[in-house]
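Trainee: Below are the chains, spelled out letter by letter.
There are 2 protein chains.
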Amino acid sequence: MKALWRLTKGKPNMISLGNGDPHYSLYPVKKIQYEVASAAEDIEDPVAVWTAAGPSTPTQLFTSSRDEPCNLSLKTALAYSAGAGLPEAQRAVTELTKFYHSPPDHISTLTVGNMDGVSKCFRLLGSPGDHFLADEFSFNALTNAPLSHGVNWVPVKIDKGGLIPSDLERIMSNWNEETQGRRPHVLYSVPSGQNPTGCTLNADRRKKVYELAQRFDLIIIEDDPYYYLQYSEEESSGTPSKLMPSFLSMDIDGRVLRVDSFSKIMMPGMRLGWITSSPLFHEHLVSLTDSSTQHPHGFGQIFITEMLSASGWQISGFDRWTRSLRKEYQRRRDLFLDIFAREVSSAGFASADPPQAGMFVWIDVHVRKHPRYRCDIRDSEGSIARTNVPELMEELFERCLDSGLVVMPASIFVAPTSPQVSKILDPEDPIQDRVNFLRTTFAGDESSMQPGLKILGEVLKEFFQEQK
Amino acid sequence: MKALWRLTKGKPNMISLGNGDPHYSLYPVKKIQYEVASAAEDIEDPVAVWTAAGPSTPTQLFTSSRDEPCNLSLKTALAYSAGAGLPEAQRAVTELTKFYHSPPDHISTLTVGNMDGVSKCFRLLGSPGDHFLADEFSFNALTNAPLSHGVNWVPVKIDKGGLIPSDLERIMSNWNEETQGRRPHVLYSVPSGQNPTGCTLNADRRKKVYELAQRFDLIIIEDDPYYYLQYSEEESSGTPSKLMPSFLSMDIDGRVLRVDSFSKIMMPGMRLGWITSSPLFHEHLVSLTDSSTQHPHGFGQIFITEMLSASGWQISGFDRWTRSLRKEYQRRRDLFLDIFAREVSSAGFASADPPQAGMFVWIDVHVRKHPRYRCDIRDSEGSIARTNVPELMEELFERCLDSGLVVMPASIFVAPTSPQVSKILDPEDPIQDRVNFLRTTFAGDESSMQPGLKILGEVLKEFFQEQK
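So the sequence lines, in the order shown, correspond to chains A and B.
Numbering-wise (UniProt numbering), the first sequence opens with residue 1 and increments by one.
Numbering-wise (UniProt numbering), the second sequence opens with residue 1 and increments by one.
Careful, some of the hints might be misleading.
The list treats identical chains as one, so a pair stands whether inside a single copy or across any two.
Claimed, not checked - Distance condition first, Cα-Cα at most 27 angstroms in a straight line; then the derived DSS-like pairs of lysine-lysine:
id, residue 1, residue 2
1, LYS369, LYS75
2, LYS75, LYS327
3, LYS31, LYS75
4, LYS75, LYS30
5, LYS454, LYS11
6, LYS31, LYS461
7, LYS31, LYS327
8, LYS160, LYS369
9, LYS242, LYS461
10, LYS208, LYS75
Note that these hints are calculated values from the structure, not bench results.
Throw the hints in and build the complete structure from the sequences for me.
Mentor: Below you can see the structure in the form of structure tokens.
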């Protein structure tokens, strides 16, 4: 039917008795107005001004109207539209993507948020029995998504520099299609401030991973919601932020599907993001959208169109906001790490690397120092734990809960694997022996950092200093 | 992870360092305001007042704020939430559903619109190789959706009274699991103002279909976006509208998943709807939502929560709006049919039954009167056309296009079938011989009715009065 529409829309002055779209005069809405933070040029640090929140805090209005001129009229914003989104909104995110990534030859497709974007990529690229590659610790809600379509995961080792290219190479070189099925053709990775480990793929590895993708013909799903939250040396203002080069920026082959989101830099409940890909993938993503979620809601399309327009923040204001937000999160990170040093790591039972992006601190619990630690457990399969790290960590997690503290145990982030995959895992280094981490965040309520980390420090002391 | 959250949320005074939710103080939005039509008690016919649209047209404001009291604060509306939607929004649609359907024991799950709702039901209930039952003419964007999961369609005959129960019974009774695979366990149907035929399932058939569903253990997906647009005798005001009883209202077994939408009664770009089902299906729908679209956008949840609240329209105002809207569409329908009688049917080459609901007029082209009509074509398969109706209708469709008119040919709405299904189709009455219909609508721009139908009348005359 969409093809039929395209057929007819090429002709001028057609009269349509075809589509079941209610007429805009019957939409009961006349005006939608968002009162937002000002990101005007004279405000250098808009997030600081916003969070100071006095009665005179400057605001701006993003307005969409049915009758008055605006960037995206309610007449079209609240009508049905194509799967890719309204041209105005699509143009807005395309310009934004150009500004930060200058992709070679790509096109943006709107989504209803990051999860929708990633899960659509999974559906588009995966068939039952396929294996996808992923960071060995990954956000479980996402790695669970394609299991119901029969897609399996192959974990690639990560360290604080992100995904390890040599491990990726090892897996791809040693893959045996006869015993393991089709060789993986998709790599799913969160390159900045990875969830849950907080690690950021360094620039050198990004290049190497892209080269490996070329060599083994891998499609890369670049899931990058924390891209704008990269922390580094002082930045010079005026020029574009110094952010790590994305896979998209180096994608001369059209093998990258980059998934972007406003959730972490604006508000999660907005549920609007976008995928940037080659025109070929775009076309399929639009078809998939047309037969699943349909195009995103007009409300969010209005918001981003107005935000990025000349009467809104524009890209320059958006850039001021995200820089300022980086500063704010860097402050929170440093505050968290200070308290962590005082309350937790000083006792020597845990440590953490400062994350260079995102919201997560991946706490390394030195569980091998625990009096009940054992490393003499052997499993015939070779793929499950040879130590009692999982049991000790579960005990620690429960002790935290009993003391009133919620942290996320690493075990829940272990990417689920299939029997075919176990052959490729290192039997001397099973992931279950490396679940001695806790995911914590500095994104939440600031006032919970001190009491939360105090509890953690106390629980760890009690846990480690028990009598043998 | 959701299970873990449930575990921890039961405990009071927990401190969380767990979730990566940005703090609301960093959302750059302070207030969202929707200026909408008034549906106050003293306005009996709010749609008429609204479309008259003078400068003094009364409006109401639906407002959500970060700092001021409101029904759904931006603090929660713009945060992450559970897959079913925010409790406030979920409660709003639950109350609405109770008012119109009084379902026995059901619960509502928010969706990002009708297509999302229906396609989630398909994904939840269908496995590769399954057969679902559907009205023989169905909205193709929907029947296409589950094909990629390997679900096939079994068409059930319809007439102007909707789906024919005896045909459903015939299919189910004669199904042979050995040659045809698993017996269908799902019936997908649009009971009111069906798209594309405009037919409405009459009350007697609704009961019979539900009984057959009980007898053959069918799950019914009741896709009912035109429910509120049912046209009938004058209604008494004050009491709930006399609308056809839904499958949901009679669902003592929990076998109905009812899909509702605001698209046709408010605005399509809102992209917010809901599914009402048994608690068991609800639980699975929430899981599916958590790993695909996630919960719907906060903007729409604010809108419906405010709309149905005491400071908004309330259910009574919503009911006034939809009654008034019915009146408006009934007026449009009658106008369309008047013009149709004058410009088209008077010549005797086409006719149409007045639809009792929805937006569509299904024009019956009397193609058997065409000088080039043939009925002597035999196909060994028995399942494809024995006449040249498809060819003639395609020619007519193209002539319309060439004359500047877009109408939808019936052929594009034929539910796609599998080879296993062809055995159950009536070889003496293939659907391809019955594609002599055009879907037209009275929902669009009123000013296009007269010129559009004039073209149709002229094209039909030319087409039928050609020399043999």
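Trainee: The structure should be examined with respect to each hint, and the outcome stated for every one.
Mentor: Hint check results:
| no. | hint | verdict |
| --- | --- | --- |
| 1 | LYS369 / LYS75 | neither (65 angstroms within a copy, 43 angstroms between copies) |
| 2 | LYS75 / LYS327 | between (39 angstroms within a copy, 22 angstroms between copies) |
| 3 | LYS31 / LYS75 | both (10 angstroms within a copy, 22 angstroms between copies) |
| 4 | LYS75 / LYS30 | both (9 angstroms within a copy, 25 angstroms between copies) |
| 5 | LYS454 / LYS11 | between (69 angstroms within a copy, 19 angstroms between copies) |
| 6 | LYS31 / LYS461 | neither (58 angstroms within a copy, 46 angstroms between copies) |
| 7 | LYS31 / LYS327 | between (35 angstroms within a copy, 25 angstroms between copies) |
| 8 | LYS160 / LYS369 | within (22 angstroms within a copy, 77 angstroms between copies) |
| 9 | LYS242 / LYS461 | neither (41 angstroms within a copy, 69 angstroms between copies) |
| 10 | LYS208 / LYS75 | neither (48 angstroms within a copy, 42 angstroms between copies) |
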